[in-house]
Amino acid sequence: MATQVVMPKLSPTMEEGQLSRWLKKEGDKVSVGEGLAEIDTDKATMEAQALATGVLRKILVPEGETVPLGAIIAIIGEPDEDISGLVTEASKGAAQAEKKEPVEERQESQPAKSDAPSDYQPGQWMGDTASAEQPTKEAPQAQPQASAGGNGQRGDGRLIVSPIAARMAADAGINLHNLTGSGPGGRIVKRDIEAAMKAGSAAQPQTQSAAQPQEEQARPAPVQQPAVQPAGGAAPYREENVSTMRATIARRLVTSLGPIPHIFLTTEIEMDRTAEMRKQLNALDPENKVSINDFVIKVAAHALMRHPAVNASFQEKTIRYYERADVGVAVALENGLITPVVRAANTKSVGQISREVKELAERARNRKLAPEEYTGATFSVSNLGMFGISEFTALINPPEACILAVGAMTPTPVVRDGEVVVRQLMKVTLSCDHRIVDGATGAQFLQTLKKILENPLYLIA
Amino acid sequence: MSELKVTPMRPRTQSEGASAGAGVAEERDERDRIDPAELQDEHEQRHQEQLKHIEHVDNETLLKMLYQMVLIRRFEEKSAESYTLGKIGGFCHLYIGQEAVAVGTLSALRPDDYVLTSYRDHGHALVMGTSPDEVMAELYGKIGGCSKGKGGSMHLFDADKHFLGGHGIVGGQIPLATGVAYATKYRGTDQATLVFFGEAAVNQGAFHESLNMAQLWKLPCVYICENNQYGMGTSLKRAMSISDVSQKAVAYGMAAEFVDGMDVLAVRAATERALERARKEYLPSLLEIRTYRFMGHSMSDPGHYRTRAEIERYQERDPIKVFGDNLREKGLLDDAGLKEIEGRVRAEVEHAVKFADESPEPPPEELFTDIYANPIKK
Amino acid sequence: MREALNQAMREEMRRDEGVFLMGEEVAAYQGAYKVSKGLLEEFGDKRVVDSPITELGFAGLGVGAAMVGLRPIIEFMTFNFSILATDQIINSAAKMRYMSGGQFKIPIVFRGPNGSAFQVSSQHSQALESWYAHFPGLKVVMPSTPADAKGLLKSAIRDNDPVIFLEQERMYGNKGEVPDEEDFLVPLGVADVKREGTDCTVVARSMTVPLALKAAEELEKQGVSVEVIDPRTIRPLDIETIVNSVKKTNRVVIAEESHAFCGVGAELSAQIMEHAFDYLDAPVKRLSGADAPMPYAKNLERLALPDVERIVKAVREVSYLD
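Chains as they are written, first to last, in our numbering: chain P, 46 to 506; chain A, 2 to 379; chain H, 498 to 819.
Hints were generated in silico from the structure; no laboratory data involved. Note that the coordinates shown come from a computational prediction; the quantities given were computed from them, not determined experimentally. You may find that some hints are simply not true.
So the derived label-pair ranges between C-beta atoms look like this [claimed, not checked]:
#, chain 1, residue 1, chain 2, residue 2, range
1, A, 161, H, 780, 32 to 42 Å
2, H, 631, A, 161, 49 to 59 Å
3, A, 217, H, 619, 28 to 38 Å
4, H, 672, P, 126, 27 to 37 Å
5, H, 566, A, 351, 36 to 46 Å
6, H, 807, P, 333, 51 to 61 Å
7, H, 807, A, 235, 51 to 61 Å
8, P, 76, H, 711, 49 to 59 Å
9, A, 87, H, 617, 46 to 56 Å
Chain P regions said to be covered by chain H (calculated; three or more residues, Cβ under 8 Å) [to be verified]:
#, segment
10, 95 to 107
11, 430 to 440
We put the CB at the ideal spot given by N, CA and C, even for glycine.
Based on the provided sequences and hints, a complete structural model is requested.
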């Protein structure tokens with residue numbers, strides 16, 4: 046019996062995957078558990094495994110192409126089996142998807158998926174960045190088949206790893222999701238861990254390059270790169286597939302400003318005392334230098350505890366108030382951005398936060414974060430100070446209620462006690478989900494934040 | 002090769018005319034046609050014979066034998082009662098009706114002789130001297146039982162009394178007894194080994210293999226077939242091509258006797274002859290003791306395979322009643338004496354029930370003790 | 498090997514009057530495999546006894562003699578014939594002590610060749626260790642070297658429990674150093690590391706031990722360091738030594754000539770999984786006798802049994818080398 050191979054769900058937020066590399070070619074024998082292809086998900090590069098044994102008869106999705114969860118990407122069958130029916134079926138599905146409007150398609154598929162377990166938030170249906178950005182067939186196709194994602198649960202992203210390898214990896218802090226197993230069926234075995242431990246960072250570029258077929262896409266900006274200007278005639282251009290991560294960023298961000306009524310509150314903070322404290326701290330421990338942003342995270346977390354309305358989430362019928370501050374810290378990557386989470390930042394010291402942010406950022410750059418490490422923040426901080434941005438507004442990362450955009454610290458002449466003095470001023474802008482955070486609520490939070498950053502001794506008061 | 006020493010088959014029953022054994026060996030409807038007058042004659046002959054036997058046994062032994070028979074009977078009646086009350090579980094094979102066999106044979110033994118039997122073993126254990134308390138506690142599955150509650154009804158053991166057990170697999174004890182006899186001869190003693198089994202075990206290979214080795218190597222073992230005529234519900238006739246069990250010995254050149262199992266003293270006398278062969282010449286014997294169990298095979302046996310008339314006819318020759326009557330006739334027992342025996346038995350059985358009731362269950366750690374004599378600890 | 502077994506019996510018979518040997522052709526014929534050679538001459542026909550071909554009978558006779566204190570050695574010409582005697586071995590020997598609440602010791606040894614011989618077909622080539630190892634109350638011993646054979650048999654004879662002592666016909670001619678001392682004993686229940694290694698553990702017993710050692714030599718040339726463990730006693734099983742080895746090597750191959758299904762290898766696999774799961778780098782690999790009755794044809798017989806080549810291949814497989 047021939048079996049359809051579908052795009053598996055490999056991360057909790059994944060809705061589509063880019064087929065970055067086929068590990069088998071048509072005609073190869075495959076068995077259950079064996080790696081079939083590398084899939085670039087929204088957050089990491091993972092392996093899709095065969096769920097049937099036989100011969101890889103037909104590859105339906107070429108490398109580099111992105112398809113939604115549940116889309117048929119290949120067919121496995123007996124060597125001499127007639128699979129034409131399945132191939133037609135698969136291509137028909139794709140063709141239909143191409144023709145129909147997303148809305149129609151959704152209606153059609155709705156009854157079927159009504160009871161399907163769904164990780165998808167309603168907002169995610171509101172628009173599709175991919176269609177906005179890329180006028181190719183992927184966009185419309187994405188939606189209908191993403192709806193089939195409910196039954197695409199089969200690809201559960203289960204890791205195959207030997208017990209000793211799992212233990213060694215846990216001990217060494219190695220994320221198994223980033224390793225390719227050398228055992229049968231891609232099983233990660235002891236020697237893979239040993240190699241990873243030995244190679245250390247040397248092993249990382251490899252992983253990264255696999256995860257990043259379009260290395261030109263180095264910019265974090267969510268806009269397609271303009272073509273290079275030629276001398277005359279029609280402007281020449283170059284077209285690249287949208288990477289899965291880019292597509293996710295795009296899709297998630299339009300679920301932000303669109304459905305969420307934002308308000309923006311800006312304040313100016315005199316950072317001299319914090320800067321001084323940072324200097325002293327760094328003098329004490331030059332090995333582990335802390336940044337101004339680490340202070341911002343710490344103080345924001347502190348302030349969140351006093352202003353629970355800001356540390357909350359609008360859940361349509363309820364408002365969820367979080368009891369600790371899990372602060373997402375936006376990290377720019379070469380080809381995107383990701384927001385690893387400092388859990389319970391309210392309970393951690395500046396130094397601890399600093400170390401954690403560095404470690405998370407490092408692994409984020411190497412795309413070695415596990416899904417649980419970049420999801421589930423209760424509040425986010427985005428700092429573009431290092432790029433000389435003095436002030437900006439950030440888009441809320443739903444379902445969080447607020448995000449704090451932090452600008453650069455700038456020496457500024459100010460009048461104090463009738464005299465002109467130079468102070469280190471820093472502008473921060475809080476974006477609030479107005480459905481639960483009113484202007485005054487946000488302002489009170491900012492007051493607390495400002496008060497502590499201006500007098501960081503309050504942290505220990 | 003050992004010399005052949007074949008005792009003529011069924012010496013007494015043949016010489017003394019009509020045999021109850023021959024009668025019951027016939028099909029049931031034939032038996033039911035037995036002429037009552039003929040039966041009366043036969044009973045009278047048996048009666049006279051036992052009276053003669055009584056003269057050769059001392060009074061104390063006689064009364065002790067009666068006591069043991071009554072003890073088994075009352076003990077088993079109590080067991081049946083306890084079984085119906087749910088105090089005894091599993092299989093429970095009663096000895097009622099067969100008391101003359103255990104008492105008659107074992108009364109002829111020395112304390113250093115060995116005894117093995119099948120799962121119908123309560124009577125043998127009691128006669129071998131295992132206290133009713135320990136036997137009843139074993140039936141109750143209590144720590145005070147002779148096997149600490151781990152063997153149950155079918156597996157009573159008393160090493161000190163040289164009672165080497167009740168064994169659950171039909172015929173399984175026969176090779177074991179052969180080995181015990183082998184060991185006594187190996188050591189050069191004149192101890193004998195008695196092994197009991199039902200007639201159904203005679204069809205097992207273990208029986209034939211054992212008889213062959215015992216005669217071949219001249220082992221002092223007495224093989225006692227308690228022929229109660231039914232292997233569970235299957236009558237002898239339906240299970241054995243030659244239903245004269247004692248005749249099986251011929252194949253091995255072994256001495257054999259056919260004995261009336263309702264006559265405790267006939268049983269005793271036959272055993273004494275077999276023991277003499279064992280002690281003096283290291284020779285085995287096969288005794289077929291024809292008996293009858295008044296109860297079902299086990300407590301769970303409805304007994305549809307026998308007629309009421311058949312059971313009643315045997316109950317007329319209840320070995321305890323016959324023996325008691327004859328003792329009275331000889332003036333060795335009166336009402337008071339019988340009452341005294343019944344009184345003592347009742348007290349002993351009541352005590353056993355009380356003891357069994359009060360004895361604690363085996364503690365959980367008993368589950369894992371006694372598996373190895375030399376356990377290897379890790 | 499046969500000389501080592503002979504020495505063990507001879508020494509123990511000299512040491513203890515209660516030890517006697519019984520079985521088919523053990524006396525006048527000097528043993529079907531000459532293991533009892535010369536014993537009749539030294540100990541006489543009371544202690545070295547030719548039995549009729551009556552396995553159930555003389556097995557039971559042995560158990561009875563053991564109940565009253567003798568120490569019988571019951572030889573099965575091959576363990577294939579012990580199948581006739583299983584009632585006495587399992588229902589009597591294994592359970593007597595327990596059923597009687599500890600009143601009896603059963604110091605008996607059942608010994609003889611187990612497993613395959615050469616081209617004797619299905620009824621005469623069976624490895625029965627898992628049958629006997631299944632039952633609490635029995636001890637099961639399988640020596641692989643002449644020295645172990647001697648030391649283990651002496652321990653088995655002195656042991657107060659029924660011991661199933663499984664030899665291997667193919668190994669009777671094997672040579673090896675054997676200590677002479679009267680008190681050379683190899684304790685029951687102690688595994689032996691026949692060769693140390695770091696990359697993969699091979700648990701072998703009886704005839705697969707020499708095969709495993711040869712495979713280890715071969716693998717060494719290929720850069721794979723193999724540890725060969727011989728449990729020597731199947732019950733009680735020295736799982737600790739095996740588990741410690743697995744913790745070191747993370748990989749296990751079990752080589753056995755018996756069938757895999759419900760076999761000793763299955764038990765070992767389960768225990769390794771229970772005790773060393775977190776240390777495994779590969780699933781435990783069993784290399785067992787074919788799941789078919791033993792064929793007569795030479796080529797098929799060879800196919801039915803583990804060999805050096807297949808052990809090498811199995812080790813490479815669990816080491817992810819192929």
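Hints versus structure:
Between residue 161 of chain A and residue 780 of chain H the CB atoms are about 54 Å apart, so this pair departs from the stated range of 32 to 42 Å. The given range of 49 to 59 Å is broken by residue 631 of chain H and residue 161 of chain A, whose C-beta atoms sit roughly 32 Å from each other. In this structure, residue 217 of chain A and residue 619 of chain H meet the distance hint of 28 to 38 Å, their C-beta atoms being roughly 32 Å apart. Our hint of 27 to 37 Å for residue 672 of chain H and residue 126 of chain P is violated, since their Cβ atoms are close to 58 Å apart.
Checked against the hint of 36 to 46 Å, the C-beta distance between residue 566 of chain H and residue 351 of chain A comes to roughly 38 Å, which is consistent with it. Hint check: residue 807 of chain H to residue 333 of chain P, Cβ distance near 56 Å, so the stated range 51 to 61 Å holds. A hinted range of 51 to 61 Å for the beta carbons of residue 807 of chain H and residue 235 of chain A is consistent with their spacing of about 53 Å. Residue 76 of chain P and residue 711 of chain H have their C-beta atoms about 32 Å apart, which leaves the hinted 49 to 59 Å range violated.
Against the hinted window of 46 to 56 Å, the Cβ-Cβ separation of residue 87 of chain A and residue 617 of chain H comes to about 54 Å, which satisfies the hint. Look at the segment 95 to 107 of chain P against chain H: 0 of its residues bring a Cβ nearer than 8 Å to a Cβ of that chain, fewer than three, so the hint is violated. Judged by the Cβ-Cβ criterion of 8 Å, the segment 430 to 440 of chain P is not covered by chain H as claimed, because only 0 of its residues qualify and three are needed.
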